[in-house]
Structure formats: structure tokens, C-alpha cells
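Letter by letter, the chains look like this.
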Amino acid sequence: MGTVAATMARSGTGRTWPGARAALWLTLLVPFALGTPSSAGAGAGPPRRYSEAREPCDDWNPERNVYFGDLHVHTAFSQDASTQGTRNTPRDAYRFARGEPLGIQPYDAAGLPGRTLQLDRPLDFTAVTDHAEQLGETTICNTPGLTGYDSWVCHMYRRWPRAAFYVMNWRSSSGRPRFAFCGPGGQLCLDAAQTPWREIQSAAEAAYDRTSACTFTTFVGYEWTGARDLFNLHRNVIFRNAEVPALPISFYEVQDGPGLWAALRRDCVDADGACDALVIPHNSNLSGGLMFPGTRRDGSALDADDARAMARAEPLVEVMQHKGDSECDLSAVSGPSGMTGPDELCAFELLPYDGFVGQYFPILADPPPVSSFVRNALGRGLGLEEELGVNPYQYGLVASTDTHLGTPGAVAEDDFPGHGGAGKSAREGVPAGLPDEIDFNPGGLAVLWAEENSRDALFAAMRRREAYGTSGPRMTVRFFGGWGYGAELCQSEAFAAEGIAGGVPMGGVLPPAPDGAAAPRFAVWALRDPGRDGAPLQRIQIVKGWLENGTSREAVYDVAGGPNSASVDLATCEPRGAGADSLCAVWTDPDFDAGERAFYYARVLENPTCRWSQWVCRRAGVDCADPSSVGEGLEPCCAESHRPTVQERAWTSPVWYRPAP
Amino acid sequence: MSVRSPALHFALLGALLFAASRLLFADPDGRAGAARQLQPLPPLAGASDEELLFREALALGMHESDSLVRRRLIQNMRFVAGSAAQTADDELFREALALGMHQTDLVVRRRLIQKMALLAASEGRGREPGDHELQAFLTEHAARFARPEAVRLSQVFLSRERRGEALADDAKALLAALRADPGVELSGDPLPHPRDLPLRTREQLAKSFGPEFARAVFALPADGHGWQGPILSSYGLHGVRIHERQPARPARLAEVRGAVREALFEARAREALDRRLAALRARGGEEEETD
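Protein chains in written order, with this note's numbering: chain A, 1 to 661; chain B, 662 to 952.
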């Protein structure tokens with residue numbers, strides 16, 4: 001990796017910074033510096049190096065600010081979006097993320113949209129991630145997420161999916177890498193230049209605020225839409241700056257995660273220039289357990305190099321989105337004394353099937369295996385680390401929407417138009433009744449702690465996993481792990497400074513225990529969403545996973561707040577009962593064993609609120625006691641499986657503990 | 662037999678291939694295998710922009726040269742041909758075109774429309790703009806690139822939930838103390854946002870403290886340099902001291918060059934596409950008259 005395009009010093013007013021923070025800066029600077037900081041022009045503030053030209057941000061904060069965004073967004077450039085009537089382009093998506101109103105399908109004959117959406121507050125960052133496989137031949141019917149399933153091929157598929165799968169894979173392999181040659185007369189490269197890839201980059205450039213106001217950041221990205229045996233292996237690729245490969249590396253070129261990582265290394269990370277990329281897998285809940293196999297594709301054992309490549313390429317995983325939650329299932333949590341039984345709070349936006357097929361053919365699908373879930377993968381990562389010395393599944397957590405309307409951040413439960421894609425189509429008209437499949441949801445947000453709102457700073461936050469996900473609301477959550485935090489930290493205005501000084505933030509690995517330290521301590525602080533999407537907080541939990549004699553174990557602790565009597569008036573969707581604006585705890589692991597590997601992450605829960613489907617059912621006047629009130633498309637409102645309320649939540653990236661060697 | 666067993670899948674596969682071939686190649690007389698008539702394209706008058714682009718792409722033979730269209734059609738043919746999988750790609754591709762599959766396959770259609778639109782637009786991209794042209798574009802669209810108003814402030818926070826009914830009185834006392842000695846080190850209640858905030862726009866303040874707080878801060882008198890408030894946020898009351906206020910201003914080209922350049926290209930592309938569509942519509946009208 002290479003050149004530094006610009007070195008900039010804070011332009012300023014002669015403001016000086018307390019000397020005590022100088023050391024802190026040094027550690028904060030390094031992550032997004034491509035080289036060593038230059039002292040040139042660094043008089044008034046911290047020198048910042050960027051991998052591309054931009055002004056330093058006015059919002060620089062060495063203790064880091066919180067930024068909310070969406071890293072999973074489809075537009076009309078994705079076939080499964082455009083065939084569903086989506087006309088919004090990447091440029092439109094970025095405008096929407098910045099707060100502008102945006103029309104969405106259905107469109108009338110004059111091309112006017114039938115509906116309009118607008119965020120009540122803009123996002124801080126967004127990556128448009130259209131499918132790299134613009135036509136998606138090989139994945140056409142493997143993933144209703146991908147291509148027009150109005151095509152006759154996909155009609156077939158829906159009727160005989162498993163049989164269709166064999167046919168689809170019974171294709172001649174061209175064997176030629178699409179991007180490595182230009183064909184006779186350069187025709188294929190000409191083709192390539194016409195693809196939307198250039199437009200995707202232009203749109204990102206046009207919307208990125210390179211001024212010192214730093215109001216909005218875009219990332220060039222795409223979705224690698226891989227599948228295996230009909231199970232989802234989809235991953236988003238996010239680039240650090242405007243320097244990106246000539247074309248996205250798609251499922252045509254490489255058919256598995258390791259292939260993707262190797263190709264990205266070759267064409268980007270290790271290539272000359274400033275290109276850098278990371279990969280975020282998503283919908284492990286639909287992977288039939290294949291997203292985190294713990295082995296190579298052929299079933300052979302991983303070695304340390306494999307694990308290193310994995311950990312390097314994939315620092316984050318998308319824990320929740322439109323097509324369900326992937327955190328955990330209802331398997332028993334076998335924890336410390338008094339903590340056995342299922343983690344009931346995992347009953348949140350779970351899909352009942354283990355792959356896309358299940359959406360159409362429940363009989364062909366099983367419930368997702370526990371190995372599909374992120375928490376399980378984090379646990380198996382500990383075991384692999386014990387074996388290989390490297391943890392391949394050292395994932396930080398984010399969430400996003402996976403909108404297929406080009407509407408990043410459209411997460412409001414009370415104003416959900418459906419997200420298209422594999423959900424319901426509104427091409428020919430707004431669907432009667434529920435606007436989307438009952439099992440789907442509006443999705444969540446990715447949240448990053450970074451010094452400023454620039455690509456380099458946000459990318460560095462993703463790399464170091466100082467990230468969390470929410471199921472939509474913008475709660476602020478800080479989480480630190482260390483050895484010496486005192487209980488008084490929650491009373492301190494200097495929570496962040498002391499948290500940083502005394503340990504590691506979310507995403508980090510605990511430093512070695514100092515002499516006399518018996519157990520790690522965790523400081524966690526959650527502040528409710530200040531906007532209209534926010535409900536009061538109910539509790540903070542810490543989820544611990546550890547390796548006990550080679551077996552992965554899990555426990556869940558309530559550390560602040562707790563179960564309460566808050567509820568929702570289902571007739572009005574008005575919340576009832578008290579909750580908290582702010583919750584804070586310094587928690588010591590009561591069951592710590594210094595010889596056992598462990599991870600700890602925080603889960604923050606709001607009081608219950610109406611789920612999107614309940615908003616629709618209520619507004620439609622559905623009364624389940626009166627069948628005549630249940631209009632077309634509203635039948636799910638009265639299904640036994642319908643959950644009228646949700647507890648919105650945030651999941652932080654874990655902090656890991658490694659025993660001294 | 663389990664629904665996941667390969668035997669069942671192959672049985673289904675056979676049924677599928679049979680059904681697929683019947684469905685695709687059946688003509689109105691029910692003779693399987695007969696080639697379908699090419700569907701005539703809909704009349705041009707009233708054709709949507711997309712329809713115009715699709716026809717133009719076909720007229721330019723894009724469907725014959727586009728590698729992805731080709732791959733798609735060959736795959737479709739292999740899917741239906743099943744047992745005839747030995748047939749060469751070129752032949753399958755010719756057959757697909759003869760069947761008019763490129764006119765009816767939705768994925769091919771979307772691809773060609775998109776490609777045609779991008780081609781028309783990219784023809785308008787034009788030469789690299791110089792500073793003069795960029796500056797002129799920026800001046801013309803100054804509002805779009807304007808830098809928002811921002812303030813740099815310190816805030817001392819008193820929590821609604823900690824102080825309950827004493828909140829208003831506590832805030833009054835806090836502000837009195839701060840005003841009496843602006844340098845005094847008074848701590849408020851903890852909040853994960855810093856006491857001394859960097860420059861923030863109204864939008865950014867609203868994201869952290871709620872819209873009421875942002876509105877109130879930006880409504881504070883411009884010359885008020887002391888501690889002001891109390892100001893209500895989503896969490897309680899704040900004493901606020903404004904250190905610096907940057908008015909909204911037009912952007913300088915150096916700050917927004919990349920965004921202006923892209924916006925200029927976008928405007929050129931939009932114009933080029935409109936010109937192309939207008940030309941197609943005009944030409945289509947002439948052709949219909951000649952018919």
C-alpha cells in the first residue's frame with residue numbers, strides 16, 4: 001500500500017490542545033495514517049494524513065464521535081431492485097441519505113412516483129452496495145435477492161427450486177476471468193467501461209463532503225452475491241477511498257470467500273496505490289450454517305494463514321438487516337449458576353427458515369442451525385484461535401438496511417414501505433395489506449466511533465471494529481474493557497477519556513492483566529435515541545462467550561436496568577411504563593477464569609414498541625375478533641406467529657480476552 | 662424419501678425439464694418444439710423512455726455484442742435444452758435470438774435499457790472541465806454547495822432523569838454560578854458527548870441532542886458570549902456557551918472541486934440523454950408516419 005495523497009494540518013485559530021492528550025493522539029492517529037505523521041504544518045492541531053485529498057474535518061475529536069450510517073444499499077443498478085420497479089440510482093440514494101425526499105415505486109405512466117420517503121434526520125455515512133453480478137446468471141434463482149424473478153426461469157425455480165438448482169449449476173464453465181482480458185477488438189473492455197461501476201464511483205464522489213464541514217461520507221462498494229447449495233454467502237465489499245479496482249470482483253470470478261479476499265488483495269490491497277478494502281458478510285441466518293464453516297470450502301482444516309486472511313479481510317459482520325436477525329437463536333444458554341435456559345431475547349426478527357428457498361417452499365427448508373448465528377461463530381472463533389493461534393471469526397458487529405429501493409437508513413417502524421428485493425414488489429402498485437413479507441423488517445444501522453467524519457477515519461474504525469449495530473434507533477453506546485475501571489466511572493463526565501485510557505474500546509482485545517487484577521471489568525454506557533424513533537431504554541446486558549475445556553459456552557448478564565413492566569397499547573401503539581434516558585454500568589465478570597478464552601459484547605434493549613406490521617394492522621383497523629375487519633393482505637396480522645411488538649436494540653462489537661501464552 | 666434427498670431432486674429435475682420444454686416451446690396448436698413467432702414490438706406512439714432506449718439498443722445490435730446478454734441467453738437455452746447440453750454456445754445463442762428470447766427476457770431488457778441509457782449519457786460526458794467552467798457551474802448552483810452554518814460550543818448538562826422535579830431549579834442555580842464566574846469548573850451530569858464540542862452544524866447538533874436543542878442553540882443571540890440557557894434537549898437541560906459561530910457561506914471551488922466536477926458531468930449526461938430521447942422520439946414519429 002502506498003502513496004499519501006495529502007498531508008494536512010488542522011487549519012486553525014491557534015487553539016492549543018492539552019499536553020496530557022498528546023500521547024493519546026499518537027495512538028489515535030496511527031490507525032488512519034498511511035505513513036508516519038508529518039510534523040510539517042502541524043502547529044495548531046493534530047496532523048492528519050489521508051489516503052486521498054480532502055480537508056481535515058472541523059469535527060475532529062480525539063475521544064471520537066459517534067456516526068450513524070448504512071452499509072448495505074441497493075438501487076436500480078441491482079437487477080432485483082430494478083425488476084421490482086426501483087428507479088432510484090446511486091445518486092438518488094445518496095441524496096436520500098443526506099436528507100432529501102425521494103420518490104419510490106409504483107410509478108405512474110408519466111413516470112411520477114406514487115410514494116415519497118424522507119429521513120427525519122440525515123445519515124452520517126452510506127455505502128451503495130449494488131450487486132456486482134449485474135445480470136447474475138449463475139445466481140439467478142439461487143437468490144431471489146438477485147435478479148428479476150419475474151423472468152420465466154425464476155418462475156420455474158419457484159416451483160421446483162432444488163431441481164432448478166441442479167440445472168443452473170449444470171452449465172458450461174467459461175473458465176475465463178471476466179476482467180483479465182479484453183476480447184477481440186477490446187470489445188469486452190468497452191463493455192466493462194459502460195457498466196454502472198463508473199457511475200457508482202461518480203455518485204459516491206459527488207455526494208462525499210470533502211470540505212472541513214464533513215457533513216456526509218460515502219464509500220464506493222458493492223455486493224458479492226455468492227451462494228452455495230442455494231444458501232447465502234453474500235458479502236459486501238467496502239473501499240476505503242476513490243481508488244478502486246477497474247471492476248468489482250464478482251461471484252463470476254471467485255466462488256467463495258477466500259477467493260474474494262485473495263482477489264481483493266491482488267487487485268486492491270497489495271496493489272500499487274492507496275486502494276484498500278474490507279468485506280462484511282451478511283445474512284448468515286440464510287446460509288444454512290455455511291457462512292462460518294470453520295473449514296475450507298472442501299472441508300479440510302483451516303491453517304493459521306487461512307485464519308489470518310479471513311480475520312484481515314472481514315473485520316465486521318452484519319448482525320441484522322431487512323431479512324432478519326443473525327445474532328443468536330433460542331438454543332439454551334448454558335451459563336453460570338442460575339443462568340440456564342434459552343436467551344429469550346434472541347426471539348427478535350428471526351426468520352423461520354435456513355435459506356432463501358424457505359421463503360417460497362417452507363417444506364424444503366429447515367429452521368436455521370445454530371451455526372448460522374454470529375454468536376455461535378464468535379464462540380467457534382475462540383476454539384479455532386486456541387488451535388491455530390489466530391481467530392478467523394474475530395468479528396465486530398454492524399447492522400444495515402439492505403434496502404432495494406435506494407433508501408438508505410429508512411428504518412422507521414411506523415413508516416415502512418417494504419424494502420423490495422426478496423420482499424414484496426410494488427412495481428405495479430402498492431401491495432394490498434402489508435407492504436412487505438411478514439417475516440421481514442425495516443432493517444438497522446451501522447454505527448462507528450471515529451475521530452471525524454472522513455472516509456479514512458471511518459474506515460479505520462471499521463478496521464479496528466470500533467463499531468456497533470442497531471435495529472434502527474440511534475442509541476449511543478460506548479463499551480470499554482479493561483482491568484481497573486472503578487464504579488465511579490458512570491458518574492464521571494470524563495467517561496470516554498478514562499475508558500480509553502484504562503483499556504480498549506469495543507472491537508479490541510484486552511491488554512494483559514496487570515498484577516493483582518482478578519477479573520476484567522467492562523464499562524458500558526447507553527443513551528437513548530434523542531429523536532422520534534427512540535424509546536426509553538430498558539436494560540443493558542453483557543453477553544459472554546468462553547471456551548471451557550474446548551467447549552464453547554455462553555452466558556447473558558443484565559448489568560444495568562432490567563426487566564420492567566413497560567408495554568405498548570396495541571390499539572394506539574402508545575408506549576406505556578417507564579424506562580431510562582441513559583444507562584451505565586461498570587461490571588466485573590463474576591465467573592472469570594484466567595485460563596479460558598472469552599469474548600464479551602453489550603446488548604442494549606429499548607422498551608417494547610410497535611413492530612412495523614402492527615402499525616399497518618392497526619391503521620387498517622384490523623380487529624382479530626372480527627374477521628370482516630381483516631382485509632386483503634392483512635391476514636398475517638392475526639396469525640398466531642405475529643409478534644405485534646419488538647424490543648429495538650443495539651449490539652456492540654465484542655472485546656476479547658486471550659490468556660497469557 | 663426426504664425432501665432433501667438427491668433422488669427426489671433428480672426426479673423433480675426430470676419433471677421440470679419436461680414441463681419447461683412444453684411450456685416454452687408449445688405453440689398455440691400444442692406442438693411442442695415449434696419456434697415461436699417473434700412478438701411484434703408495441704406501437705411507438707406513447708412509448709416510454711425505457712421502451713425507446715430498449716428499441717434503440719436492439720437497433721444498434723447491442724444484444725448481439727453484449728457479453729452479459731449473450732451469457733444470459735445461452736444459460737436460458739441450456740436451462741430449457743437440458744439433454745441437448747452438448748450444443749455449442751454459438752448455436753444456442755443464435756437459437757435464442759431466433760426465438761426472440763432477447764425481446765422477452767426481462768433481465769436482458771433491463772440490461773439493454775440500462776446500457777443504452779449509460780451509453781447515451783456517457784456520450785455527453787465531454788472533455789475534462791477547466792477551473793473556469795467549474796467555477797461557473799459552482800456559481801450557478803451556489804445553494805447546492807453552500808457550507809452550512811455551524812457553532813462551536815461548550816455545554817454543561819443536567820439530567821432530567823437524575824434530577825426529576827429539581828431539574829429546573831438546579832439548572833437555574835448552575836447557570837447563576839457559571840455566570841458569576843465563567844471560568845469556574847462546574848461539572849454537570851455525565852453524558853457520552855464531550856463538554857467542549859467541535860464545530861457543529863444544526864443537523865449535527867440535532868443528531869446528538871435532539872432537534873429542540875439544535876433549534877434553540879441556533880436561535881441564541883449572536884453576541885451572547887457568556888453562559889446561556891437553560892436549553893432543553895432530549896435528555897435534560899444544558900447551560901451553553903458559544904465560542905465561535907460560522908455563518909453559512911458559499912463554498913470555495915477548492916473545497917468542493919470533486920463534487921462540482923461530478924455534478925457538472927451529471928448535468929451534461931442528463932442533457933445528452935434528453936437530447937438522445939428527443940431525437941429517438943422525433944425519428945420514431947417520422948417512421949410511424951411513413952408506415
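If you are wondering where the hints come from, they were derived from the structure by calculation, not from laboratory data.
There may be inaccurate statements among the hints.
Stated by the list, open to error - Pair ranges (Cβ atoms, derived): (1) B:His-802 <-> A:Gly-531: 27 to 33 Å; (2) A:Pro-563 <-> B:Glu-905: 22 to 28 Å; (3) A:Gly-633 <-> B:Thr-765: 25 to 31 Å; (4) A:Ala-432 <-> B:Arg-913: 36 to 42 Å; (5) B:Ala-797 <-> A:Gly-114: 46 to 52 Å; (6) A:Ala-432 <-> B:Gly-761: 53 to 59 Å; (7) B:Glu-794 <-> A:Arg-308: 24 to 30 Å; (8) B:Gln-907 <-> A:Ala-501: 30 to 36 Å.
Said to hold, decoys possible - To spell it out: a stretch of chain B is covered by chain A in this simulated footprint if at least three of its residues, at any positions, have a beta carbon under 8 Å from a beta carbon of chain A; those stretches are: (9) 758-764; (10) 787-796; (11) 807-821; (12) 853-860; (13) 863-869.
Glycine included, every Cβ here is placed at the ideal spot set by N, Cα and C.
Comparing the hints with the structure gives:
Checked against the hint of 27 to 33 Å, the pair B:His-802 and A:Gly-531 passes, with Cβ atoms roughly 30 Å apart. With their beta carbons about 46 Å apart, A:Pro-563 and B:Glu-905 fall outside the hinted range of 22 to 28 Å. The beta-carbon spacing between A:Gly-633 and B:Thr-765, approximately 29 Å, falls within the hinted interval of 25 to 31 Å. Against the hinted window of 36 to 42 Å, the Cβ-Cβ separation of A:Ala-432 and B:Arg-913 comes to about 53 Å, which falls outside the hint.
Evaluation of the 46 to 52 Å hint for B:Ala-797 and A:Gly-114 yields a failure: the beta carbon distance comes to about 38 Å. Restraint check, A:Ala-432 to B:Gly-761: a C-beta distance of roughly 34 Å breaks the suggested window 53 to 59 Å. For the pair B:Glu-794 and A:Arg-308, the supplied restraint of 24 to 30 Å is violated, since their beta-carbon distance comes to about 49 Å. Between B:Gln-907 and A:Ala-501 the C-beta distance comes to about 32 Å, which sits within the given range of 30 to 36 Å.
Evaluation of the coverage hint for the region 758-764 of chain B: breached, as 0 residues show C-beta separations to chain A shorter than 8 Å, against a requirement of three. Coverage of a stretch by a chain is defined here by at least three residues with a beta carbon nearer than 8 Å to that chain's beta carbons; for the region 787-796 of chain B and chain A the count is 0, and the condition is violated. For the region 807-821 of chain B, the assignment as covered by chain A holds, since 5 residues bring a beta-carbon within under 8 Å of that chain's beta-carbons and 3 suffice. Residues of the region 853-860 of chain B with a Cβ under 8 Å from some Cβ of chain A number 6, which satisfies the need for three, so the listed coverage holds.
Judged by the Cβ-Cβ criterion of 8 Å, the region 863-869 of chain B is covered by chain A as claimed, because 5 of its residues qualify and three suffice.
When the structure is compared with the earlier hints, violations turn up for hints 2, 4, 5, 6, 7, 9 and 10 and for no others.
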